[in-house]
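Protein chains in written order, with our numbering: chain A, 1 to 376; chain B, 1 to 210.
Calculated directly from the structure, the hints in this document are not laboratory data.
Be a bit skeptical, because a hint or two may be false.
Claimed, not checked - PhoX-like mimics (lysine-lysine), calculated; alpha carbons at most 25 angstroms apart, straight line:
#1 B:K57 x A:K315
#2 B:K136 x B:K112
#3 B:K136 x B:K115
#4 A:K220 x A:K293
#5 A:K168 x A:K91
#6 B:K50 x B:K124
#7 B:K124 x A:K168
#8 A:K171 x A:K220
#9 A:K110 x A:K83
#10 B:K5 x B:K124
#11 A:K133 x B:K5
#12 B:K124 x A:K171
#13 A:K133 x A:K168
#14 A:K315 x A:K293
#15 A:K293 x A:K91
#16 B:K136 x A:K315
#17 A:K147 x A:K220
#18 A:K315 x B:K112
#19 B:K115 x B:K47
#20 B:K112 x B:K5
#21 A:K147 x B:K124
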Amino acid sequence: MKDSPNEKKKRRNKRKNELKNLRSQKEDEFEHIFLIQLPDRPEIVNREEPVNFETWNRFRLDDGRFRDVHLLKSLIFHGGLTKDLRSTAWKYLLNFYKWQNSDEENKRVKNEKTEEYYRMKLQWMTMSEEQVKHFGDFRDRRALIEKDVIRTDTFHPFFDRSKPQNLKLLKDILMTYVMYNFDLGYVQGMSDFLSPVLVLMENEVDAFWCFVGLMNRVHKNFEMDQLYIKQQLSNLKNLIEIVNPQLANYLESHDSDHMHFCFRWILVAFKREFSFDNIMHLWEVLWTDIPCKAFLLLFCVVILDQQVNMIIENKYGLTEILKHVNNLSMQIDLEETLRSAEAIYHQLAAVQDKLPRHICEILSFAYDDEEENKTI
Amino acid sequence: MEDYKYLFKVVLVGNAGVGKTCLVRKFTQGIFPPGQSATIGVDFMIKTVKVGEDKIKLQIWDTAGQERFRSITQSYYRSAHAIVLVYDVACQPSFDCLPEWLGEIEQYANRKVLKILVGNKVDKEDEREVPERIGKNFADANGFDYFLETSALDATNVDTLFQEVATRLTNDMKLTDERFHNFKSNENRDGNISILDRVLERAKCANCRT
Numbered sequence: 001m002k003d004s005p006n007e008k009k010k011r012r013n014k015r016k017n018e019l020k021n022l023r024s025q026k027e028d029e030f031e032h033i034f035l036i037q038l039p040d041r042p043e044i045v046n047r048e049e050p051v052n053f054e055t056w057n058r059f060r061l062d063d064g065r066f067r068d069v070h071l072l073k074s075l076i077f078h079g080g081l082t083k084d085l086r087s088t089a090w091k092y093l094l095n096f097y098k099w100q101n102s103d104e105e106n107k108r109v110k111n112e113k114t115e116e117y118y119r120m121k122l123q124w125m126t127m128s129e130e131q132v133k134h135f136g137d138f139r140d141r142r143a144l145i146e147k148d149v150i151r152t153d154t155f156h157p158f159f160d161r162s163k164p165q166n167l168k169l170l171k172d173i174l175m176t177y178v179m180y181n182f183d184l185g186y187v188q189g190m191s192d193f194l195s196p197v198l199v200l201m202e203n204e205v206d207a208f209w210c211f212v213g214l215m216n217r218v219h220k221n222f223e224m225d226q227l228y229i230k231q232q233l234s235n236l237k238n239l240i241e242i243v244n245p246q247l248a249n250y251l252e253s254h255d256s257d258h259m260h261f262c263f264r265w266i267l268v269a270f271k272r273e274f275s276f277d278n279i280m281h282l283w284e285v286l287w288t289d290i291p292c293k294a295f296l297l298l299f300c301v302v303i304l305d306q307q308v309n310m311i312i313e314n315k316y317g318l319t320e321i322l323k324h325v326n327n328l329s330m331q332i333d334l335e336e337t338l339r340s341a342e343a344i345y346h347q348l349a350a351v352q353d354k355l356p357r358h359i360c361e362i363l364s365f366a367y368d369d370e371e372e373n374k375t376i
Numbered sequence: 001m002e003d004y005k006y007l008f009k010v011v012l013v014g015n016a017g018v019g020k021t022c023l024v025r026k027f028t029q030g031i032f033p034p035g036q037s038a039t040i041g042v043d044f045m046i047k048t049v050k051v052g053e054d055k056i057k058l059q060i061w062d063t064a065g066q067e068r069f070r071s072i073t074q075s076y077y078r079s080a081h082a083i084v085l086v087y088d089v090a091c092q093p094s095f096d097c098l099p100e101w102l103g104e105i106e107q108y109a110n111r112k113v114l115k116i117l118v119g120n121k122v123d124k125e126d127e128r129e130v131p132e133r134i135g136k137n138f139a140d141a142n143g144f145d146y147f148l149e150t151s152a153l154d155a156t157n158v159d160t161l162f163q164e165v166a167t168r169l170t171n172d173m174k175l176t177d178e179r180f181h182n183f184k185s186n187e188n189r190d191g192n193i194s195i196l197d198r199v200l201e202r203a204k205c206a207n208c209r210t
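With the rest of the complex left out, here is chain A (with noise of 0.2 angstroms):
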């Protein structure tokens, strides 16, 4: 349903009118704000159910390759999957397997990866005394591993210490993704997003190379200038000041615009505010990428917004946003969350010719050039 490039036009100068009129009344309020009358939030009352393999079956064709990637994207998306397909689905969200393979095609791949995966273990593990000694950032980087391999999930059975075999594994990947991409080696962080992983594939070769996939997706927040992670707390406010404009200028009025309070929950895209199951849940929600890549911000405003009466009726500041965020760590409703989340994308998406060239290219809009000079 498109509308006619007239009338685009005439609403797009209709919004002019408005913003320039609430500009001239109180100019100083707005000065940060592009205050934009979104539609009602279109409700959306329950979530799919989850992708089982019956459903994932049919997009597979004789040979193992899929077809309708996008669609059965988008049902992983509204539904998730069931836990018995996760470990076989996981492998291609996480680009270890590719879709446009057959089965023959992975099979050889994996062989390879295997070969790959072992000739770079070989290399950390017959490393003599000697050469560690002279091999400074070598050492640093597994000293890291071992201090956190030992402190990572250790709730779960499958860390037990009694299962040292389990706590090796995840060392080894570890060290592994180290000799893999030595540059970025190994910061803490990591472990929290290979654990689920590692959990699910109880395989270590599987593991890693879906590691690797996952590092491919986030390892920009591990990057040592964190230039990255800055720019999504950036973006998350820049959102935050659409959706949610009153909360916004609260947050720039107490210090907090610069979003530091949701820095655990994008570095380690959620892992501590979530059981392991739903965890899983989120993440291969997120690695869809529908509706966009930026949905894990959209996530991220909605939490924020159920918020939004708690911070201000109370006066937060600085201080207590950040107590109050740290405290929402397994009392978050992963579902409401998710239905939200999604909905307040098709909010923005509905009024997207009248959004700022910044939060279009956040939330990958297409945006007109030639109407450059519609904002103010």
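Based on the hints, put chain B in the right spot on chain A.
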């Protein structure tokens, strides 16, 4: 609502895995959590102690240790009354990094901040790599106000550490009347404290439910 004379912000920094979170939890909750996961970002806990007749509230901040996260943790140093720099006596590299941490503190903390050096994990006597004397010398040579060795595992000196921090900060505060008045008026203006109490209470209730 709890009454108290002062609120002090104490920030723990130091390399990853030296036991910052365990020190905080041992002191505030009396527990040593084995397998405490690595801290991501920052968090804080509260405990009230007595200095003489006065109730003193300590807001103890715990930070991620890895170098690349410093730009996030830095924003929390600025308003610290005390900084506790922690190393692991059984881990030489954590001691070797102290000069770097000192640089951070000098750059981002208040000039008058109380600086404490702590060698943690003295329960690992067999694995000790940094003798107490070396730690003490470093503290003396680098303008630390106080040095102490601790163990969050067996509670050695944990209460002593925070009690000492509270006592020194309280004494400093009382010495300077003018600063004292400024502090009180700031506190009243923000109303932060009572709000924080409410957040903490709510968290307790939430935990009870689960």
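Hints, one by one, checked against the model:
1. B:K57 x A:K315: holds, 21 angstroms
2. B:K136 x B:K112: Status holds; Cα separation ~21 angstroms.
3. B:K136 x B:K115: holds, 13 angstroms
4. A:K220 x A:K293: holds, 14 angstroms
5. A:K168 x A:K91: holds, 22 angstroms
6. B:K50 x B:K124: violated, 31 angstroms
7. B:K124 x A:K168: holds, 23 angstroms
8. A:K171 x A:K220: Cα-Cα ~22 angstroms, so holds.
9. A:K110 x A:K83: Holds, because 23 angstroms separates the two Cα atoms, which is no more than 25 angstroms.
10. B:K5 x B:K124: violated, 38 angstroms
11. A:K133 x B:K5: violated, 53 angstroms
12. B:K124 x A:K171: Roughly 23 angstroms separates the two Cα atoms, so the pair holds.
13. A:K133 x A:K168: holds, 22 angstroms
14. A:K315 x A:K293: violated, 33 angstroms
15. A:K293 x A:K91: Holds: K293 of chain A and K91 of chain A sit about 19 angstroms apart, inside 25 angstroms.
16. B:K136 x A:K315: Status violated; Cα separation ~44 angstroms.
17. A:K147 x A:K220: holds, 23 angstroms
18. A:K315 x B:K112: With Cα atoms ~29 angstroms apart, K315 of chain A and K112 of chain B exceed 25 angstroms; violated.
19. B:K115 x B:K47: Roughly 20 angstroms between the alpha carbons, so the hint for K115 of chain B and K47 of chain B holds.
20. B:K112 x B:K5: holds, 21 angstroms
21. A:K147 x B:K124: Within the cut-off at roughly 15 angstroms; holds.
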